[in-house]
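Fit chain B to the supplied structure of chain A, relying on the hints for placement.
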Amino acid sequence: MPDTLQNPNPQNNISAYYQTRAAHHAVVTSDWLAQAQAAVAREPDGAPDTSVPPVAGKPFSVIDEFNSWRKQPDLAEAVAAIRALAAVIRNCQATTMMELEIELKKASDSLKLWDATSISLTAGCDLFMRYVTRTSALEYEDFNSAKSRLIERAEKFGEISCKARRIIAMLSQDFIFDGCTIMVHGFSRVVLEVLKTAAQSKKLFRVFCTEGRPDRTGLRLSNELAKLDVPVKLLIDSAVAYTMDDVDMVFVGADGVVESGGIINMMGTYQMALVAHSMNKPVYVAAESYKFARLYPLDQKDMAPALRPIDFGVPIPSKVEVETSARDYTPPQYLTLLFTDLGVLTPSVVSDELIQLYL
Amino acid sequence: MWWRSPSFILDKQQSDTVPHQRNPRDTLPLPSPPPFSMADTLQNPNPENNISAYYQTRAAHHAVVTGDWLAQAQAAIGRDPDDSTDTTVATVAGKPFSVIDEFNSWRKQPELAEAVAAIRALAAVIRNCQATTMMELEIELKKSSDSLKSGDTTSISLTAGCDLFMRYVTRTSALEYEDFDSAKSRLIERAEKFGEISCKARRIIAMLSQDFIFDGCTILVHGFSRVVFEVLKTAAQSKKLFRVFCTEGRPDRSGLRLSNELAKLDVPVKLLIDSAVAYTMDEVDMVFVGADGVVESGGIINMMGTFQIALVAHSMNKPVYVAAESYKFARLYPLDQKDMVPALCPIDFGVPIPSKVEVETSARDYTPPQYLTLLFTDLGVLTPSVVSDELIQLYL
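Protein chains in written order, with the UniProt record's numbering: chain A, 1 to 359; chain B, 1 to 396.
Worth double-checking, as some hints may not be accurate.
What follows is a list of derived Cβ distance ranges for each label pair [what the hints assert, rightly or not]:
hint: 1; chain 1: B; residue 1: Lys-233; chain 2: A; residue 2: Gln-333; range: 37 to 43 Å
hint: 2; chain 1: B; residue 1: Asp-215; chain 2: A; residue 2: Ile-355; range: 46 to 52 Å
hint: 3; chain 1: B; residue 1: Asp-215; chain 2: A; residue 2: Ser-278; range: 29 to 35 Å
hint: 4; chain 1: B; residue 1: Arg-167; chain 2: A; residue 2: Thr-346; range: 32 to 38 Å
hint: 5; chain 1: A; residue 1: Thr-133; chain 2: B; residue 2: Asp-266; range: 54 to 60 Å
hint: 6; chain 1: A; residue 1: Ser-318; chain 2: B; residue 2: Lys-200; range: 32 to 38 Å
Treat the hints as calculated values from the structure; they're not laboratory data. The structure displayed is predicted, hence computed values, not measured ones. Ideal Cβ placement from N, Cα and C applies to all residues, glycine included.
Bound conformation, chain A alone (with noise of 0.2 Å):
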């Protein structure tokens, strides 16, 4: 019955999380994001109604839902499906708690199971799920009125996870001095709208983009840069280390935060968080507070697969192995502070807030 969106690669492993986020990228350009920008603004509602059908006979989809929150390409899938959940919420047709609480239940596993290697995903479901049922609203009689406490905690939560990136911005202001020299690895959209809200204040500063083999993230990420009038210059992965001498600091985003502190983010922030360490350089880490995932990796290969296709250009012998995996993961050592809309933490207070938030 709860029916499970196609992961459009279910045998090879390939990570549809990492698959889709290429897609994303490949067709979206500013401009266009400008625009869906706009026109989600000006029917905030507009957008699930339509997929709540008034066709009598179809049911209610947490999969649909899911789907059409996640075209706009500026929104993180895990608060695409938070949305989704609080629409299902909405939606649902129990008249009892339990009942409620066993379909969200069901619509929070077959959206986590769209894409089993996506961290975000996951921890923005599990922290919907734990925010929304933790009220003591539950112990009222009325039904109907608990129903309605739910929806509005589901919506406060939804604006939170929205308005992350703008608080996450407001807070590295601080951190970002005029004619200060960042280097940025690969294509994160907080970071992005760290370093754009810095340009619009009118500081004065320069970035380095790393080229992110292999879909060329950091290709655009230098794009977007280069119509804020930013300086930016780009290398190849392998040139971190030879320009880090004239690196302030260096910005990376998050795909989980995990409970060492640490975090699991694209290839090759491992090795940027290294080589910024060995020279002094601060690692800053942008991250909204739903992901921070119940995890615990002990090395590099400790966490679930997400493999990715590389492109080399030329034909491998199939003798030759490829190391495909996308991501890794950064021990908190290397790391010197998270932004997260929880506040400005260090990699020990991580697990703390991981409790207060779990709990």
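What follows is chain B alone, placed relative to chain A:
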């Protein structure tokens, strides 16, 4: 305003003086000598935009060479070692001996290092020289050496090779002899000997490094170094069991070529993107790199990315081994990454880049000696601190 390292001043000066070095004025008194002067200079195909011819030709060589071609070429050379030199010594009356032609003919063998080709060419200069006094011979040798060096100012091994040849050949008491002809033959003898040593350098290095490769080890290599390939080939042929992690070697994909060659030798190879080095460094037992040049501090100058790999390996306590022939020892002492003659290599990203975006196009970086463990050279297995002693012995 943006550059914090002081060496940007040096960069600015270099970029001002490099165009002057490209067209060396030799001993002709004319202020603007005609294009085809006595010591013809190697035409650098990209004199204007500062592209390093060294790396361009390396890429060109790598693009067309396969293992079969190599084997054929080597067989051809092995059959007639003196024929190629004789054909360039023009029997046609009137055509002067040209060191550049000699150099080019030697360089056609892709297996031969550029510096070795230069050494052979200089040896041929002595052989074909028309001088009658020792001073004249030395002047002619110096002119040829300068013209070879000016062909590509960014190639460290070429400059170092020429300098070492000059010193090795002229540092002999034979020059005190009264008889010019016997002195000349002595010089020729020493020149041939130096050429032989340089040619065999790779075999010696391969043999010295066999003790360090043990069964079941994992070796990380970066880019395509012919010396390192020789080392791995020798190990594979002695039936050692090991596997190799190859980085991709952006931007010229040299790592892919190396993985091809290793796959032919039935060595298990794994290709990584450059970002995945730290990710896989846990499983690696040692790092093996080549060198474009070995500097006085004991550090090396090599393809971009070597410094990063050495840094990561050092932080995880993995040994970094360098395989470098002795003619690559140069009288240089870079103080930071930018303190070298810039060698630029255009990068193809596959998509158009907006014009406002700069690109870091340097083709090489400097690895300080504290990140290196051992250097395998034909002089023996050295620690980085011993390099300066060896340099003193070579150059004095």
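Hints versus structure:
1. B/Lys-233 to A/Gln-333: 37 to 43 Å: 40 Å, holds
2. B/Asp-215 to A/Ile-355: 46 to 52 Å: 48 Å Cβ-Cβ, so the 46 to 52 Å window holds.
3. B/Asp-215 to A/Ser-278: 29 to 35 Å: This hint holds: roughly 32 Å between Cβ atoms.
4. B/Arg-167 to A/Thr-346: 32 to 38 Å: 58 Å, violated
5. A/Thr-133 to B/Asp-266: 54 to 60 Å: For A/Thr-133 and B/Asp-266 the Cβ distance comes to about 59 Å; the hint holds.
6. A/Ser-318 to B/Lys-200: 32 to 38 Å: 36 Å, holds
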